[in-house]
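Asks: In case you want the letters, here they are:
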Amino acid sequence: MSFPEGDAQARDHARNTADAVARRNYGKLVAFLAARTRDVAAAEDALSEAFASALADWPRKGCPANPEGWLLTVARRKVIDMHRGRRRHEIAAEQLKIMAEGLDAAATVTEIPDQRLALMFACAHPAIDASIRAPLILQVVLGLDAKTIASAFLMSPAAVGKRLVRAKDKIRQAGIPFSVPERGELPGRLDTVLDAIYAAFAEGWIDAAGMDLARRDLTEEAMFLARLVTELLPAEPEALGLLALMLHAEARRHARRNRHGDYVPLAEQDPALWDSQMIDEAEALLRRASVLGSIGRYQLEGALQSAHVYRCRTGHANWAEVVQLYDALLALAGSPVVAINRALAIAEVHGASAGLAAMQEVAADVRLAEYQPFWAARAELLAKTGAQAEASHAYEIAIGLERDASVRRFLQLRQSALAPWPPR
Amino acid sequence: MQYLLMIHAEEGGWNKLTKAEQEQGMAAYTAYTEALKKSGVLKSSNRLQPSSASTTVRVANGKPQVLDGPYVESKEQIGGYYLIDVADLDAAISWASRCPGASHGVVEVRPIWSMPA
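Chain order of the listed sequences is A and B. Under the working numbering, the first residue of the first sequence is numbered 7, with each subsequent residue one higher. Under the working numbering, the first residue of the second sequence is numbered 13, with each subsequent residue one higher.
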């Protein structure tokens with residue numbers, strides 16, 4: 007099919023505007039609709055239909071002056087239609103009326119209030135299955151599809167899809183509230199929200215060079231959410247710790263790749279390339295968190311980043327302190343991933359053999375068999391002890407498990423730098 | 013929203029209590045019921061006879077089959093229920109956690125399927 011050039015331009019413009027609105031306001035629009043109906047799935051469906059209408063309507067009539075308002079009005083109408091039809095058997099007429107009134111009242115607002123935090127707390131409610139809370143937040147607030155989420159959480163896309171649907175049904179049927187919990191409930195509920203935000207950030211971080219726009223958006227969105235949480239809950243040390251951790255990671259983004267796009271490990275990065283403004287902000291956040299008197303996983307991880315930055319900037323080896331921080335982290339959240347990093351730090355203090363011994367403690371964990379950093383760390387330590395053949399084999403597996411081509415190249419270089427084996 | 017708070021508890025438990033403990037237990041339920049009434053959320057409530065008084069009925073091939081005993085044989089049975097009308101699940105959970113049944117058994121919070129008017 008061919009369109010006159012003007013139409014094509016209008017279509018592009020409409021698509022770009024819709025994309026921009028979607029990127030900026032998707033979660034906000036879902037939160038707004040869902041908070042009034044408690045029906046997350048209907049809010050999502052209505053919104054996606056509203057976006058489809060926009061793509062059909064805007065090229066012909068021109069983009070509206072207030073695209074968010076336009077989308078909200080259309081989505082509102084669709085939510086009400088949906089409830090009159092599909093879900094009518096479940097919803098009393100009285101409830102339908104209240105819902106319609108709530109949505110009508112919403113029509114007059116000029117600025118859409120940000121209820122994403124309330125939506126996140128609904129998704130992280132204790133009545134929702136713990137393992138689906140983070141994926142649910144990613145989908146509902148950030149608009150990620152089940153496939154992307156499944157890959158981030160190493161689950162099957164079909165299973166994730168089904169469980170997301172179930173969780174949304176639970177929110178609606180069980181009457182889970184869309185609100186920020188009371189003081190006493192807050193800390194436990196906040197943990198699950200922070201975990202989900204961090205998972206979103208990690209997913210975006212995989213593409214460190216920032217070539218993939220969708221992933222870049224994910225880190226930005228995650229940082230935005232973390233910032234939002236710290237603004238709304240300024241005295242929650244773990245929220246501050248999470249934002250600090252993200253800022254530290256983000257500050258080094260450009261130093262993680264050289265100009266040929268090759269991966270540069272932390273020890274070889276040029277600190278001059280780091281974003282010192284972000285680092286300063288992270289440090290200030292960690293100081294603020296430290297006086298609130300409650301240590302936690304994210305504060306410790308933030309402190310570790312801070313220790314790495316200090317060492318690289320000053321050349322002052324602080325590995326003993328790093329090991330201590332990992333000890334604390336391991337005691338708090340005993341994960342094999344933490345144990346690996348701790349083993350690497352131990353190797354810096356006590357030598358590669360000590361590091362390998364520390365790693366041996368968790369090597370039996372079956373999850374590590376498919377975890378690239380475990381094999382890369384093992385290879386590095388084995389190489390230092392002179393076990394060239396074993397090191398080469400460990401690199402081989404690490405390379406086979408890596409999905410980022412530049413990291414793969416880096417590992418291949420390391421592997422080929424090993425002394426030739428068998429010795430010639 | 014309406015929720016049914018179902019009290020699942022060990023059936024033999026009550027008879028193992030001393031007289032004083034039983035009185036204390038009754039008083040706790042009375043106070044709880046009073047508090048629910050006072051705040052205007054209680055729709056109805058009842059204590060049930062033990063499951064040994066239960067009869068199950070099913071119709072197969074047009075013929076009713078009547079069996080003595082509860083549907084599910086288990087040490088724990090529903091001993092009573094409260095039907096409440098509250099804003100949301102958090103409010104229902106908060107009431108469930110105050111129920112004496114949550115201390116000696118388990119309270120299941122089940123939303124009511126609201127019918128179109």
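Warning: the hint list may mix true and false statements.
[Said to hold, decoys possible] Below 30 Å or equal to it, Euclidean Cα-Cα: the simulated DSBU-like pairs (lysine-lysine) are:
{"no.": "1", "chain 1": "A", "residue 1": "Lys176", "chain 2": "A", "residue 2": "Lys153"}
{"no.": "2", "chain 1": "A", "residue 1": "Lys176", "chain 2": "B", "residue 2": "Lys31"}
{"no.": "3", "chain 1": "A", "residue 1": "Lys176", "chain 2": "B", "residue 2": "Lys49"}
{"no.": "4", "chain 1": "B", "residue 1": "Lys31", "chain 2": "B", "residue 2": "Lys50"}
{"no.": "5", "chain 1": "A", "residue 1": "Lys153", "chain 2": "A", "residue 2": "Lys67"}
{"no.": "6", "chain 1": "A", "residue 1": "Lys34", "chain 2": "A", "residue 2": "Lys84"}
{"no.": "7", "chain 1": "B", "residue 1": "Lys87", "chain 2": "A", "residue 2": "Lys176"}
{"no.": "8", "chain 1": "B", "residue 1": "Lys55", "chain 2": "B", "residue 2": "Lys75"}
{"no.": "9", "chain 1": "B", "residue 1": "Lys31", "chain 2": "B", "residue 2": "Lys87"}
[Stated by the list, open to error] Some chain A residues flagged as far from chain B (calculated, every beta-carbon gap over 10 Å):
{"no.": "10", "residue": "Asp18"}
{"no.": "11", "residue": "Val297"}
{"no.": "12", "residue": "Val343"}
Please keep in mind that the hints were generated in silico from the structure rather than gathered at the bench. All figures in this text were calculated on a predicted structure; none of them were measured in a lab. Just so you know, even glycine gets a beta-carbon here, dropped at the ideal spot from N, CA and C.
Asks: Each hint should be assessed against the structure and marked as holding or not.
Replies: Going through the hints against the structure:
| no. | hint | verdict |
| --- | --- | --- |
| 1 | A:Lys176 / A:Lys153 | holds, 21 Å |
| 2 | A:Lys176 / B:Lys31 | violated, 42 Å |
| 3 | A:Lys176 / B:Lys49 | holds, 28 Å |
| 4 | B:Lys31 / B:Lys50 | holds, 28 Å |
| 5 | A:Lys153 / A:Lys67 | violated, 34 Å |
| 6 | A:Lys34 / A:Lys84 | holds, 17 Å |
| 7 | B:Lys87 / A:Lys176 | holds, 29 Å |
| 8 | B:Lys55 / B:Lys75 | violated, 36 Å |
| 9 | B:Lys31 / B:Lys87 | holds, 22 Å |
| 10 | Asp18 | holds, 44 Å |
| 11 | Val297 | holds, 31 Å |
| 12 | Val343 | holds, 34 Å |
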